[in-house]
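Undergrad: Can you make the complete structure from the sequences, with help from the hints?
In case you want the letters, here they are:
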Amino acid sequence: MTEIKPEKFEKVLTKYVDQEGSASLDFYRGHGGYEAAERALKKLKPDEVIETVKNSNLRGRGGAGFPCGRKWSFVPKDTDKPKYLVVNADESEPGTFKDRVIMERDPHQLIEGSLISAYALGSHICYIYIRGEYYDAFLSMQKAIDEAYEAGILGKNVLGTGFRLDMTMHRGAGAYICGEETGLLSSLEGKRGLPKIKPPFPAVEGLFRCPTVVNNVETLACVTHIFDRGVDWFKSIGPPEGPGPKLLCVSGHVERPGTYEVPMGINLLDLVNDHAGGIWKGNKLKAIIPGGSSAKILAAEECDVGMDYESLAAKDTMLGSGGVIVMDNKTDMVEALYNILRFYAHESCGQCTPCREGTGWLQKICGRILHGDGRPEDPDMMLDLSKKMCGRTICVLADAAAFPCESIVSKFRAEFDEKIAAGDGHERTVHLGGPLVQPGALSAHNQERLDELQGGY
Amino acid sequence: MSDAPAVKKKFSNKGLEFIDWLLGRYPDKQAALLPVLRLAEEEFGNIDNDSVMLVAETLELSPGYVWGVLTFYTHYRREGDGKYLLQVCSTLPCALRGCRDIQHRLEEKLGIEAGETTEDGLFTLKKVECLGSCDTAPVVQVNEKYHENLDIEELDKLLETLRD
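Just so you know, the sequences run in chain order A and B.
Note that the first sequence covers residues 0 to 456 in numbering that gives the first Met the number 0.
Note that the second sequence covers residues 0 to 163 in numbering that gives the first Met the number 0.
Keep in mind that a hint or two might mislead.
Claimed, not checked - Below, simulated BS3-like cross-link-like pairs (lysine-lysine); rule was C-alpha separation at most 27 Å, straight line:
1) K13(B) - K363(A)
2) K190(A) - K28(B)
3) K14(A) - K144(B)
4) K13(B) - K155(A)
5) K28(B) - K142(A)
6) K28(B) - K197(A)
7) K155(A) - K28(B)
8) K8(B) - K190(A)
9) K410(A) - K280(A)
10) K190(A) - K9(B)
11) K28(B) - K9(B)
12) K41(A) - K53(A)
13) K126(B) - K329(A)
14) K195(A) - K28(B)
15) K14(A) - K142(A)
Everything labelled a hint here was simulated from the structure, so no lab data went into it.
From a predicted model like this one, the values you see are computed outputs, not experimental measurements.
TA: Right, here's the structure in full:
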């Protein structure tokens with residue numbers, strides 16, 4: 000593994016985000032913006048652009064980590080259909096908030112990367128699908144797009160090259176599943192955000208049944224810098240098989256939560272201690288979810304690991320979306336898991352039985368353990384269910400619920416067994432903001448729902 | 000069709016201009032559904048049955064289809080929502096940093112539970128999933144605006160500002 004010392008690492012994605020006016024076109028151009036796109040469009044053929052991205056070993060930053068250049072190369076060249084570039088700015092994986100920084104504070108680097116990508120693909124229409132909640136980011140992106148049209152960077156004659164590109168912001172409306180690429184495309188077509196079976200893959204038959212590439216915001220921002228600084232620079236950062244600068248979002252029990260731009264492969268403990276200021280309140284580390292809430296959890300003793308695709312895969316988890324959720328030694332793991340499972344049960348689109356039913360069952364079983372009504376066989380049942388949900392559905396939302404469940408139940412089994420053994424109505428101090436259920440503290444409405452929850456399935 | 004229910008609402012001229020522009024951005028009308036629902040939300044304050052009828056007519060879709068899509072998504076303001084929609088993020092990273100205290104405080108101060116609206120129609124309280132602002136947890140989104148790094152004191156101040 001190529002080691003990059005932190006002091007030698009220069010930020011590029013977030014270099015200017017703290018400076019005043021960083022989102023404006025003037026600022027961006029004043030710092031060399033759009034020069035890379037101009038060079039790429041004027042000097043390289045589309046195939047050469049794709050080759051360059053392939054050579055850079057850039058892997059997708061949205062969650063799946065698929066090689067970006069390869070994804071681009073799947074788009075058929077000999078087609079009469081329009082080709083679409085869709086930017087996935089839905090950023091909805093719990094613990095992830097990196098794309099928001101790019102869109103709010105430095106939106107032009109996303110437009111520039113999208114320009115280069117669209118040119119490579121021969122696409123003349125680009126949609127940016129942004130989650131509905133991100134209103135400020137939407138406004139900032141829209142303003143940047145307007146500026147770019149005005150300056151001849153978008154439109155009929157991009158940077159004087161004769162290349163045509165139209166870019167449109169498209170707001171989502173609150174659905175995690177629209178971060179899944181085929182669900183996103185359904186939503187963009189004006190439908191419910193239901194994922195579709197692959198194949199056909201979007202590269203062949205995607206948006207409006209035409210060839211479509213869906214790329215994450217950070218991925219496209221990286222493309223800008225690959226063409227600005229070169230493939231060798233990019234590959235020198237972190238492990239060459241999946242290199243580059245990486246935005247990692249640290250949340251939970253740390254002193255300084257935030258988005259940190261670091262070299263791929265940074266040690267997870269260094270990230271937490273040096274960048275995020277260590278565990279808060281002087282507490283001890285208990286566990287970390289390294290890649291958004293759908294990644295398998297790492298117990299404290301497993302956290303001495305490089306934050307890159309391969310190193311995390313070797314620990315049976317994933318880099319995912321780069322959402323690092325840190326938990327201290329006072330965290331109740333049963334409650335933490337319940338929270339995660341509630342999320343996935345809420346967000347399941349309901350098309351596939353293993354997911355629709357499975358996420359709900361897992362939430363209910365975990366809920367009854369949490370509320371003192373667990374049965375001795377429950378943890379094994381959760382493990383069994385998790386196993387049976389994986390790989391049996393149209394998209395990976397079922398797996399995304401099963402991974403944290405399987406890993407938390409098996410790594411923190413004692414906490415589940417303890418709660419079950421302690422049985423009904425025992426007094427609990429729950430770390431996440433006081434007692435969860437104080438006897439008599441619930442309204443009739445909530446009590447009814449809780450009883451329902453505890454009734455099992 | 001003579002027996003089709005009459006559409007009672009109308010978009011403003013500015014809104015219609017926006018719809019014209021929108022329709023030029025997509026190969027079919029249906030693709031403009033989410034943005035046109037947003038427009039209805041902006042122009043009428045929320046989306047009720049009449050808004051659905053109007054959107055359906057505008058995009059040549061059936062009202063049933065529009066309802067189906069509308070109810071799939073959770074972020075549109077619906078009929079009966081208060082002037083201020085308080086959306087408390089309750090997902091893990093916010094939970095680890097005390098969102099339950101925020102939720103309880105709001106319930107206590109407003110005298111309502113998640114999913115309910117105050118009698119004066121000022122506030123609707125919602126418990127929502129990840130708002131993508133985990134580094135500034137706990138977070139409450141009030142209409143479009145995020146209020147971040149909240150503690151009880153700031154939350155109380157926020158409520159007072161909104162009431163004024």
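Undergrad: Provide an ascending list of the numbers of those earlier hints which the structure does not satisfy.
TA: Violated hint: only 1; rest satisfied.
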